[in-house]
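A.B. asks: In the order they appear, the protein sequences are chains A and B. Heads up: the first sequence begins at 0 in numbering that gives the first Met the number 0, then just goes up one per residue. Heads up: the second sequence begins at 0 in numbering that gives the first Met the number 0, then just goes up one per residue.
Think of the hints as simulated: they come from the structure by calculation, not from any bench. A couple of the hints might just be wrong.
Said to hold, decoys possible - One side only, chain A facing chain B, incomplete, derived with CB under 7 Å:
(1) PRO142
(2) PHE143
(3) VAL145
(4) ALA147
(5) ILE148
(6) VAL152
(7) ALA153
Ideal Cβ positions, reconstructed from N, Cα and C, are used throughout, including at glycine.
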Amino acid sequence: MVTYIFILLATLAIASALATIMSKSTVNSALFLVLNMVALAGVYLLLKAQFLAVVQILVYAGAIMVLFLFVIMLLNVEDEQSVFSKFTFKYAFGVFLGVIVAAQILYAVASYTDILPDISGEMVYVGTVEAIGTTMFTEYLFPFEVTAILLTVAVVGALFIAQRKPNSQN
Amino acid sequence: MELLHDINLYLPGTIIAIAGLVVMMLSAFNADHKTVYWTSILFTAVALVRSFADLFVTQTEVFHNMAAVGGIASFGTFIILTGTLFTLLLCYDYFEKVGNYHSEVYAIILFATVGMVVLATATNLVTVFLGLETMSIALYVLAGVVKSDKRGIEAALKYFLLGAFSTGFFLYGIALLYGAAGSTSLADIGAVTEKGLIYWAGVSLLLTGFFFKVSAVPFHMWTPDVYQGSATPITGYMATAAKSAGFISLILILSRALDTSVEQWSEVFKVIAVLTMVFGNIIALVQTNVKRMLAYSSIAHAGYILVGLAAGTPEGYTAVQFYLFAYTLMNIGAFGVIAYYERYKGADLTELDNYAGLGFEKPLMAVVLSIFLFSLAGIPPLLGFAGKYLVFAAAVQADMILLAVIGVLTSAAAAFYYLRVMVYLFMKPAVKDIKLAPVGGIYTSVIVILALLTVVLGVMPWTIADILATF
């Protein structure tokens with residue numbers, strides 16, 4: 000049963016990923032990307048990673064994609080020409096790099112013979128919100144705090160650059 | 000309780016982080032320039048004193064082995080905070096005179112310093128990455144801090160794009176090493192015995208990311224434009240504190256995580272070091288802009304430092320730390336004087352032609368600049384000579400005589416472009432009627448102190464070398 004759900008979700012994810020890069024309208028692309036993320040969230044659920052699944056939906060499919068759509072609609076991007084219209088060295092190089100990355104990923108996952116790994120009780124616990132919270136605030140507390148500084152400086156910096164008339168106090 | 004204990008051990012970084020937040024709030028409430036300036040300096044000075052005290056504590060790891068305290072990590076923190084303190088001290092006069100002061104600059108400099116401290120103390124690839132990114136993002140903003148200057152904006156954009164590109168390499172390397180070792184801790188990566196394709200790919204991508212950040216040839220393309228376009232004290236900051244943080248982190252990674260593969264990466268470092276020294280120095284010879292010349296010279300200096308790393312021995316690492324300290328003092332000083340000369344509305348005084356005859360206009364500044372340039376050229380008895388001596392001696396000890404010979408030859412060639420600035424300052428008649436602005440008291444004393452340190456520590460290099468020998 001789980002395997003069938005996995006195959007369904009995987010097919011959906013791959014199909015929507017292809018649709019994302021092949022559809023001519025950017026709005027459609029963005030919406031297909033949402034579909035892709037929802038399908039991936041389903042895969043995470045099958046792996047008993049509840050927290051990851053929820054975050055995937057909330058942050059990526061929710062917040063970030065809304066931002067994408069806003070930008071696309073505000074900028075009023077015109078429909079793009081098909082990418083595959085002409086063959087140049089650049090595309091060949093792109094395909095070449097893509098094949099390398101894909102081969103690397105395949106190589107990494109080739110050791111798994113079954114489609115879905117066995118999920119032990121311990122693994123189930125790792126995926127819960129409690130486990131992630133505990134790890135984040137004990138073992139990874141320091142990186143967590145540094146991330147806070149990183150985000151602060153990114154926001155301050157972005158606002159500083161975007162300011163049109165900075166309040167110079169001379 | 001354990002957490003408070005760790006925070007106490009990691010106090011320099013914590014103080015700077017608090018300082019960044021305090022200064023950010025001060026600028027939000029429209030504090031005037033003097034308040035922001037002195038607050039930043041006070042906090043940094045306290046952190047600097049504490050980091051000096053840390054040099055003598057026993058080495059340990061804090062925050063669940065995420066960061067190190069004592070030894071190399073503390074010396075790195077010390078170098079970074081020294082660089083930050085002197086940069087901050089120079090900022091007031093510079094931004095007042097350029098007329099482009101924004102209070103956020105100080106907060107962003109302090110946040111960048113937090114990133115550097117984290118980077119220089121990190122013993123886990125997660126913290127290495129976070130430190131590196133905090134530092135880089137702050138520096139992208141700092142590069143474009145003078146918004147009326149088109150070259151500054153170009154510098155910021157270039158730095159951002161190429162920096163983001165190199166981050167990609169870095170992150171991919173971390174991911175692959177995590178795959179190979181099953182952990183991101185440097186100690187665990189050092190314990191890997193099965194070195195497959197994934198391990199080597201991870202190592203090479205990680206090192207590529209580092210070479211980008213420390214501007215080693217052939218990953219140096221961004222350096223000249225970014226250094227030339229940024230505000231001059233900020234350029235000094237990037238060239239010294241940021242580079243030191245990168246190199247100290249590299250030492251920690253090489254000595255803790257990659258110690259078992261020293262034969263392999265040492266060969267790579269040799270090639271990169273030769274390329275960097277030769278390329279940096281040759282292109283610096285033909286520069287007509289002083290800031291751009293110093294940018295290429297900083298590439299060349301990265302090459303000398305790589306010579307010390309290529310040795311792969313504890314002596315090599317010690318030499319590199321000494322070199323970074325020496326380089327920080329003299330380079331911030333050199334950029335400080337150039338910032339003073341440049342500080343003149345309407346004229347681009349960083350071109351070498353404009354330096355003609357300036358030596359007699361303000362003799363103190365010209366003499367001090369000469370001291371810094373002599374030191375950068377590695378002329379005894381100045382601090383730069385001691386640094387170069389230690390680095391090349393470490394290479395000779397590790398049987399890399401050819402490498403040391405190339406280093407000595409290229410640094411001899413480098414003397415030409417450093418001395419040329421002095422020829423312009425003292426031996427050419429003034430072509431233009433340039434009246435320099437009066438110098439602020441703090442500005443002058445800071446630069447004179449840096450020059451004194453360059454001379455005094457150069458005469459007595461063992462004061463630092465003895466501390467380093469205990470690590």
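A.B. asks: Against this structure, judge whether each hint is valid.
C.D. replies: Hints, verified against the model:
1. PRO142: holds, 5 Å
2. PHE143: Constraint on A:PHE143 not satisfied, violated at 9 Å.
3. VAL145: This hint holds: A:VAL145 lies near chain B, its Cβ roughly 4 Å from the closest one there, short of 7 Å.
4. ALA147: violated, 9 Å
5. ILE148: A:ILE148 check passes; min Cβ-Cβ to chain B is 5 Å, inside 7 Å.
6. VAL152: A:VAL152 check passes; min Cβ-Cβ to chain B is 4 Å, inside 7 Å.
7. ALA153: holds, 5 Å
Violated hints, listed in ascending order, are 2 and 4; each of the other numbered hints is respected by the structure.
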